[in-house]
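Asks: Under our numbering, the first residue of the first sequence carries the number 2, and numbering increases by one thereafter.
Derived by calculation from the structure, the hints in this document are not laboratory data.
Computed from a predicted structure; not experimentally measured.
Some hints could be false.
Only pairs whose alpha carbons sit at most 30 angstroms apart, straight line, appear in this in silico DSS-like list of lysine-lysine [as the list claims (entries may be wrong)]:
| # | residue 1 | residue 2 |
| --- | --- | --- |
| 1 | K22 | K9 |
| 2 | K71 | K16 |
| 3 | K22 | K71 |
| 4 | K9 | K71 |
| 5 | K64 | K9 |
| 6 | K64 | K16 |
| 7 | K22 | K99 |
| 8 | K64 | K22 |
| 9 | K9 | K99 |
| 10 | K16 | K99 |
| 11 | K71 | K99 |
| 12 | K99 | K64 |
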Amino acid sequence: MDQGSTYKQIYEIVKQIPSGKVATYGQIARIAGFPGHARLVGYAMHSLPNNSGIPWHRVINAKGQISFPKDSVENALQRSMLEAEGVVFNLNNSVSLKRFQWRI
DNA sequence: CTCGTGACGGTAT
DNA sequence: TATACCGCCACGA
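Can you build the whole structure from these sequences, using the hints too?
Replies: Listed below in structure tokens is the structure:
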């Protein structure tokens, strides 16, 4: 099912994440057909243009936290976007995956 | 063509 | 149960 590039597969999965939910890199990689290749997802996100329309902010790491440094503007932006969708963060800056993690 | 790096995950201790 | 280390593929220069 690889119509073109590997990244496109990943993007297709990310676009399926519903608002108010989040998914982990590993989960996306597994669904896209690359189990254990979470890093590729991260690199794919890094390669995303700002106007791609991909909900990249709904992608977080397995620890339930944003992978960007807490002092990074990208981190604050992602967190702000998630909160706008109803996602709640714990005191340790982690998302309650039990409540918000996307399920297939 | 070759080398290094990256928005991470899993397993072992 | 928590923390540390290593490895994986693809892309860009």
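Asks: If any of the earlier hints don't hold here, list their numbers in rising order.
Replies: Every hint satisfied by this model.
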